[in-house]
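Colleague: Counted the way full-length UniProt numbering counts, the sequence shown spans residues 1 to 293.
Derived lysine-lysine pairs resembling DSS-like cross-links, with alpha carbons at most 27 Å apart:
| hint | residue 1 | residue 2 |
| --- | --- | --- |
| 1 | K221 | K203 |
| 2 | K168 | K284 |
| 3 | K62 | K114 |
| 4 | K114 | K77 |
| 5 | K116 | K34 |
| 6 | K114 | K34 |
| 7 | K168 | K203 |
| 8 | K133 | K10 |
| 9 | K92 | K62 |
| 10 | K43 | K62 |
| 11 | K10 | K92 |
| 12 | K227 | K116 |
| 13 | K291 | K203 |
| 14 | K10 | K116 |
| 15 | K262 | K227 |
| 16 | K227 | K284 |
| 17 | K34 | K92 |
| 18 | K284 | K221 |
| 19 | K168 | K133 |
By construction, these hints were calculated from the structure, which means they are not laboratory data.
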Amino acid sequence: MGIIVDENTKVIVQGITGREGSFHTRLMLQYGTKVVAGVTPGKGGTTVEGVPVYDTMDEAVKAHPDANTSIIFVPAKFAADAVFEAIDAGIKTIVVITEHIPIHDAMAFVNYAKEKGSIIIGPNCPGIINPGKTKVGIMPANVFTPGPVGVMSRSGTLTYEVSYFLSKAGLGQSTVIGVGGDPITGLTFPEVAEMFERDPQTKAIVMVGEIGGDAEERVAKMVKEGKIRKPIVAFIAGRTAPEGKRMGHAGAIIMLGTGAYKDKVAALEDAGVRVAITPYEIPKLVSEALKRA
Numbered sequence: 001m002g003i004i005v006d007e008n009t010k011v012i013v014q015g016i017t018g019r020e021g022s023f024h025t026r027l028m029l030q031y032g033t034k035v036v037a038g039v040t041p042g043k044g045g046t047t048v049e050g051v052p053v054y055d056t057m058d059e060a061v062k063a064h065p066d067a068n069t070s071i072i073f074v075p076a077k078f079a080a081d082a083v084f085e086a087i088d089a090g091i092k093t094i095v096v097i098t099e100h101i102p103i104h105d106a107m108a109f110v111n112y113a114k115e116k117g118s119i120i121i122g123p124n125c126p127g128i129i130n131p132g133k134t135k136v137g138i139m140p141a142n143v144f145t146p147g148p149v150g151v152m153s154r155s156g157t158l159t160y161e162v163s164y165f166l167s168k169a170g171l172g173q174s175t176v177i178g179v180g181g182d183p184i185t186g187l188t189f190p191e192v193a194e195m196f197e198r199d200p201q202t203k204a205i206v207m208v209g210e211i212g213g214d215a216e217e218r219v220a221k222m223v224k225e226g227k228i229r230k231p232i233v234a235f236i237a238g239r240t241a242p243e244g245k246r247m248g249h250a251g252a253i254i255m256l257g258t259g260a261y262k263d264k265v266a267a268l269e270d271a272g273v274r275v276a277i278t279p280y281e282i283p284k285l286v287s288e289a290l291k292r293a
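Please take these sequences and the hints and turn them into a complete structure.
Modeller: Right, here's the structure in full:
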């Protein structure tokens with residue numbers, strides 16, 4: 001089953017005529033994703049990879065009323081407007097690939113999406129894949145296989161690496177979702193963990209976190225309170241990062257005494273979550289967790 005997207009998901013690509021938009025539209029179509037339309041202002045009436053292009057989201061949704069998801073490849077300074085347009089057009093799942101979106105823009109569209117009942121994945125994320133069914137993102141499809149492990153991650157490349165190790169060990173994935181590496185994101189780890197908890201296909205959860213913020217600690221609290229009963233294996237990137245120095249992602253920074261590696265690991269272990277020191281250990285810990293479950 002998996003969460004959020006499946007083989008019935010109908011996708012509109014915002015920014016489809018750009019280099020990234022057109023390239024990943026082709027890869028998503030090759031994977032079997034139902035891309036029904038694209039949007040680029042001023043390019044309405046053209047096609048990309050056989051997909052019709054419209055000037056606005058309103059026009060695209062009127063022509064394809066079954067569309068329920070959009071993916072955004074729009075440049076950062078225009079991305080917020082694209083998200084607002086998707087929400088106002090009634091799209092319920094919006095995957096924001098764009099990075100370097102100003103934090104106040106992200107705060108505004110994340111709050112607006114919550115008011116309107118839409119889900120934002122990202123920004124600055126690789127997207128979401130339900131292996132064997134659909135891919136709404138930029139991840140390399142060949143590393144994923146269908147199976148019982150739900151993966152949620154703040155890092156794109158670690159998402160691919162961990163999924164590859166899981167697949168190689170015979171541990172397929174129910175859904176893999178990159179929530180994004182910015183300080184403000186739409187979906188958070190606690191929200192995704194709750195979705196995996198309710199998903200019948202998911203038997204175990206892998207959380208690929210990193211320093212900064214407190215999302216991992218909040219998941220630990222949920223486990224301790226019994227809100228998440230499925231086994232979780234965690235990995236926290238940034239073990240040797242010094243305080244006050246940003247490491248890669250905008251959200252990966254220890255500041256004001258929060259977000260440190262040791263605090264995250266301590267909270268998770270106190271809740272009974274097994275924490276891998278390296279990504280290579282994750283499949284072994286997941287196998288052991290599934291045997292005990």
